[in-house]
Amino acid sequence: MTITEIGASRLRKEDQRLITGRTRYTDNMVLPGMLHIALVRSPFAHARITAINVDEAKRAPGVIMVLTGKDVADEQGGIPSAWPVTPDQKAPPYLPIAVEHVAYAGEIVACVIGRTAAAARDALELIDVDYDDLPPVLDLEEAMTDTVLSHPDLGTNLSATWIFDSAAAGTGTDVAQALASSEVVIERTYYQQRLIPAFMEPRSTVVDPTGEQLTMWSATQVPHILKLMISLALSIPESKVRVVAPDVGGGFGGKLAVTAEEFITLLAARRTGKPCKYTETRTESLMGAHHGRAQVQRIRLSATKEGIVTGLDVNLLADMGAYLGVITSGIPILGAFMYNGIYKFPAYRFECNNLFTNKAPTGAYRGAGRPEATFAIERAMDDLAAELDMDPVELRRKNWIKHEEFPFTTVAGLEYDSGNYEAATDKALKEFGYDELRAEQKLRRQSGDRVQLGIGVSTYTEMCGLAPSRVLGSLDYAAGGWEHAQVRVLPTGAIEVVTGISPHGQGHETSFSQIVADRLGVPFDNVEVLHGDTQVAQRGLDTYGSRSLVVGGMAVVAAADKVIEKAKTVAAHLLEASRDDIEFTAGAFGVKGTDQSMTLGEIAFAVFSAHNMPDGFEPSLDSDATFDPVNFNFPHGTHLCAMEVDTETGAVTLRKYVCVDDIGNVINPLLVDGQIHGGLVQGISQALFEEAVYDESGTLVTGSFVDYLVPSAADLPMFTTDRTVTPALTNTLGVKGVGEAGTIASTPAIVNGVLDAVRHLGVDDILMPCTPSRVWNALRDAAQGGGRHRSPDPSSTKPDLDPAGGN
Amino acid sequence: MIPVAFDYSAPTTLDEALTLLADAGEDGKILAGGQSLIPVLKLRLAAPHAVIDLGRIDALRGIREDGDHVVIGAMTQHHDVATHPLVAEHANLIARATQTVADPQIRHRGTFGGALVHADPAGDLPAAALAMDAVFHIVGPGGERTVAAADFFVDLFTTAVGDNEILTEVRMPKKTAWVSDYQKFTRVAQQWSIVGVAATLRIENGRIAEARIALTNMGSVPIRVQAVEQALIGCAIEEDAIARATASVADGTNPPSDLNGDPDYRRHLATVLTRRAVLNAA
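Protein chains in written order, with the working numbering: chain Y, 461 to 1267; chain V, 5 to 286.
Bear in mind the hints are in silico, worked out from the structure with no lab data behind them. One thing to keep in mind: the hints can contain errors.
Below, in silico cross-link-like pairs of lysine to any residue (SDA-like), each with a Cα-Cα straight-line distance of 20 Å or less [to be verified]:
| hint | chain 1 | residue 1 | chain 2 | residue 2 |
| --- | --- | --- | --- | --- |
| 1 | Y | Lys1052 | Y | Ala1032 |
| 2 | Y | Lys734 | Y | Val701 |
| 3 | Y | Lys887 | Y | Leu897 |
| 4 | Y | Lys700 | Y | Arg731 |
| 5 | V | Lys33 | V | Ala154 |
| 6 | V | Lys33 | V | Ala9 |
| 7 | V | Lys46 | Y | Met660 |
| 8 | Y | Lys734 | Y | Pro492 |
| 9 | Y | Lys1028 | Y | Pro1079 |
| 10 | Y | Lys765 | Y | Arg648 |
| 11 | V | Lys33 | V | Met5 |
| 12 | Y | Lys518 | V | Ala9 |
| 13 | Y | Lys700 | Y | Asp993 |
| 14 | Y | Lys887 | Y | Pro1187 |
| 15 | Y | Lys1028 | Y | Leu950 |
| 16 | Y | Lys1022 | Y | Asn986 |
| 17 | Y | Lys765 | Y | Glu647 |
| 18 | V | Lys46 | Y | Gly1061 |
| 19 | V | Lys46 | Y | Pro662 |
| 20 | Y | Lys804 | Y | His863 |
| 21 | V | Lys178 | V | Arg206 |
| 22 | Y | Lys862 | Y | Val1185 |
| 23 | V | Lys46 | Y | Ala577 |
| 24 | Y | Lys1022 | Y | Gly1050 |
| 25 | V | Lys46 | Y | Pro1079 |
| 26 | Y | Lys887 | Y | Arg898 |
| 27 | V | Lys46 | Y | Asp1167 |
| 28 | Y | Lys804 | Y | Phe866 |
| 29 | V | Lys46 | Y | Val1161 |
| 30 | Y | Lys1116 | V | Arg191 |
| 31 | V | Lys46 | Y | Thr1162 |
| 32 | V | Lys46 | Y | Thr743 |
| 33 | V | Lys46 | V | Phe10 |
| 34 | Y | Lys1116 | V | Ala193 |
| 35 | Y | Lys1026 | Y | Gly1061 |
| 36 | Y | Lys1116 | Y | Pro1177 |
| 37 | Y | Lys1022 | Y | Met1058 |
| 38 | Y | Lys765 | Y | Val853 |
| 39 | V | Lys46 | Y | Leu586 |
Model the full structure from these sequences, guided by the hints.
Here it is as structure tokens:
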């Protein structure tokens, strides 16, 4: 095998069509006779529906049908939860169209089907819904008390309590004992604000009910999961459903969902017998698509005076929002195995309380549980370093797993196969100029500079490549984590790769082509990667959890290897040689010690014509493979940032960001850099810009991009991204996932940097996002109070909203 | 994001536009660059029956000198204002403020007059126009009238331009050799001002001889701060002196409270930014 493609920074095959938008995005689809859907959504966070009057809307021009929850009560099924994290997990029914009760602002209460999108939209205003409003539950700590219920019929806000205890699991000792007997214990509460995935392409669904198979096109990350869930929830034989994720414009976990809108579009298409389309507006997307994060993290970390950590206790309140989506309940649990990070902690306990509130349901958002965990431990390590007056890098060095200690079984029970935290950290420190920046920081502190400098550190690892099926089984997830691929050899020797992963902007068509081009010795341009259509890629578990390359890519490798094995049999037959003497190099099958050989293309055509095949040989080189990983893989890295804080205005500027990530071997460095850059921006954005804010009545205040701030290139410096390479040992490519690494690592680095700039002024915590106003208020409180500023409960820091001012 | 249906017309003369506007009565709306109106229509915050697009009336576009005034046509795009030599020479505060408006795409579409008539309290141009002593030329069924900047901004999103009227041009007395700065405080680059401060100064022998200071988003309309302008006269270009002269700039203001900050924070910002604007300008 000649390696020419793996490691090459190829431009993406997908770029032109995805960037220009002249492609198969769902909303671009037009089918003959297609009808359009618009949805009435509840303006109330919590209410009973007492009446819905749709008469006028039904009579409006261009309106075909109006559906309420009552109209479809018998056929609408419910959005399923695939993750009963405990046997007694509680959940209210999650109806596509609410019937009697709405539990968040944005919940769907009626559907208009019109001849045009405009007719459907116009008719929304003619629908009259009477609500009796109920008190909403908006705060997690309040939800835990059950004094007000988000779903009165459920009787409690608590969905489930999930516990991991290292003493019980046999992976470590008892935390209570560790905390009681340690010299230093720090106790912190960190708040993970609610975020909105904010993918570029709004969600859109088209359903064609005509023909034998019902076809749904949807802007989803998970066409295979969607197909299965539709079949189960609506009792449609699976064979009668085809789901297509055509080109999809970003997801970040936000399209790892089975949505009410998809069900409604399907119901509308079945009711009318016509193709129907629904495309959400940006405001609907912000209020109605699932949100992410939203946790209160109570952390206790104990250590010796020398900084050796002795125990970690984590108690979480996790906001499910109003309903359990397909994997809502499992998100915080995914973090349970990551709170110990890269460190050797002897004792660990994790308890998570999953709570319902009257806000939009939560779900996967880039990192899903792991960014929250990494934030907490990396913040706590910095807080501990400050408490011990120790350099934060030195503290980490004292506690992390040394490279010679791999494979290492952590206190959370995972086996880390490989890693080299020393190498990544040393490289990062050097490229960052750590010592020089510390010296500058000292000078600025001494001179009382208006602009103070802080250095943020984050040494992260993550578990990715979801997932070994047996592990998912042990966590009570309903499905497995394998991935399927098929490599088809066409008569001309061109290759079609069918994969069960479902790219939505990552560039898998390019990277998978590179892998196959090398493996089979065919030109890159002769490889086509097919995906996202359950009729084409009949088996698959889709794209999320940094799994596409490490699971899906490995399935492709396995299928390609099977092609080679089949082709060897044919080559031996046609070249009249022993099969054992056939060698495969650079796309050709040669006979050892001779100059006789055939290319893969020649063999492909021979197999196509099938005139002269070995006895009993099935005339096809096409091969399938299903790969189930034996373990997660564990990318890691060291991220360092220099933050400048204008102490006069509270403005925070990211001056420099250096990261050294270890994601094992790299298929396409350009794609990897793209993933890291994008991931960094999303993580930085949690630290500085983004927050989904609800007012006291439960209305989403950040209902447009005017208020839900996402940064642009103008707000960020150039990043220095570098790598060390410690190959993963659990797959033959030696690769690790990269999709979430930047997001997981960067949020704590930034907040640690901000705090490092102002800690000497008496500020120990600032809520995310660290807005100028919050930074300024923290500095003012510390100066005025003369004491230290700890982060207040976010519910007490909501500004009085008076956008008009008092004039 | 589909607006309520409306009639669209694109007249080529001002007279034609005035007639269309009069015919539309209360349900007419002028479309200039569309950078505020189109989102408002799409969000259905407004539902005019008739939208009259001024984009094809060439007479409303352009920048010229008229004696001791600079005149900017209402339909002149921000990009043209921000880069025009006459503006740079005689109204550099306007150039600086305009450069901070939104992003390059919007600056190539949005118009000077459109932004002023929209009168968003967080928009950057009203304060700059106020500091420049701009005079607004408004044409209606009864002919042309002029309104001084101090009287132009009436309230949140409300100006002196009546339902049947169109802003045609804005005249500003030349402030040649004045120096200026516009301090715009935002969390991300493409954002409405949390607070903005427009400052333009005439300096003689190292001291401030004349000053104009106006604030963005410190109330429902832009605020000219004459007390500070007076206090700055005679001030040396020196941080402590300027800080003292500008310390009271937010006194008596009643700024909005939102996710970006409460009134206390905004008043503090206005004070810091005014000092910085004066120092930067000088």
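Do the hints match the structure? See the list:
no.: 1; hint: Lys1052/Y <-> Ala1032/Y; in the structure: holds, 11 Å
no.: 2; hint: Lys734/Y <-> Val701/Y; in the structure: holds, 16 Å
no.: 3; hint: Lys887/Y <-> Leu897/Y; in the structure: holds, 15 Å
no.: 4; hint: Lys700/Y <-> Arg731/Y; in the structure: holds, 17 Å
no.: 5; hint: Lys33/V <-> Ala154/V; in the structure: violated, 24 Å
no.: 6; hint: Lys33/V <-> Ala9/V; in the structure: holds, 13 Å
no.: 7; hint: Lys46/V <-> Met660/Y; in the structure: holds, 18 Å
no.: 8; hint: Lys734/Y <-> Pro492/Y; in the structure: holds, 9 Å
no.: 9; hint: Lys1028/Y <-> Pro1079/Y; in the structure: holds, 13 Å
no.: 10; hint: Lys765/Y <-> Arg648/Y; in the structure: holds, 18 Å
no.: 11; hint: Lys33/V <-> Met5/V; in the structure: holds, 19 Å
no.: 12; hint: Lys518/Y <-> Ala9/V; in the structure: holds, 19 Å
no.: 13; hint: Lys700/Y <-> Asp993/Y; in the structure: holds, 14 Å
no.: 14; hint: Lys887/Y <-> Pro1187/Y; in the structure: holds, 17 Å
no.: 15; hint: Lys1028/Y <-> Leu950/Y; in the structure: holds, 17 Å
no.: 16; hint: Lys1022/Y <-> Asn986/Y; in the structure: holds, 19 Å
no.: 17; hint: Lys765/Y <-> Glu647/Y; in the structure: holds, 16 Å
no.: 18; hint: Lys46/V <-> Gly1061/Y; in the structure: violated, 55 Å
no.: 19; hint: Lys46/V <-> Pro662/Y; in the structure: holds, 16 Å
no.: 20; hint: Lys804/Y <-> His863/Y; in the structure: holds, 12 Å
no.: 21; hint: Lys178/V <-> Arg206/V; in the structure: holds, 12 Å
no.: 22; hint: Lys862/Y <-> Val1185/Y; in the structure: holds, 16 Å
no.: 23; hint: Lys46/V <-> Ala577/Y; in the structure: holds, 13 Å
no.: 24; hint: Lys1022/Y <-> Gly1050/Y; in the structure: holds, 18 Å
no.: 25; hint: Lys46/V <-> Pro1079/Y; in the structure: violated, 59 Å
no.: 26; hint: Lys887/Y <-> Arg898/Y; in the structure: holds, 17 Å
no.: 27; hint: Lys46/V <-> Asp1167/Y; in the structure: holds, 17 Å
no.: 28; hint: Lys804/Y <-> Phe866/Y; in the structure: holds, 12 Å
no.: 29; hint: Lys46/V <-> Val1161/Y; in the structure: holds, 18 Å
no.: 30; hint: Lys1116/Y <-> Arg191/V; in the structure: holds, 18 Å
no.: 31; hint: Lys46/V <-> Thr1162/Y; in the structure: holds, 17 Å
no.: 32; hint: Lys46/V <-> Thr743/Y; in the structure: holds, 11 Å
no.: 33; hint: Lys46/V <-> Phe10/V; in the structure: holds, 12 Å
no.: 34; hint: Lys1116/Y <-> Ala193/V; in the structure: holds, 18 Å
no.: 35; hint: Lys1026/Y <-> Gly1061/Y; in the structure: holds, 13 Å
no.: 36; hint: Lys1116/Y <-> Pro1177/Y; in the structure: holds, 7 Å
no.: 37; hint: Lys1022/Y <-> Met1058/Y; in the structure: holds, 18 Å
no.: 38; hint: Lys765/Y <-> Val853/Y; in the structure: holds, 16 Å
no.: 39; hint: Lys46/V <-> Leu586/Y; in the structure: holds, 18 Å
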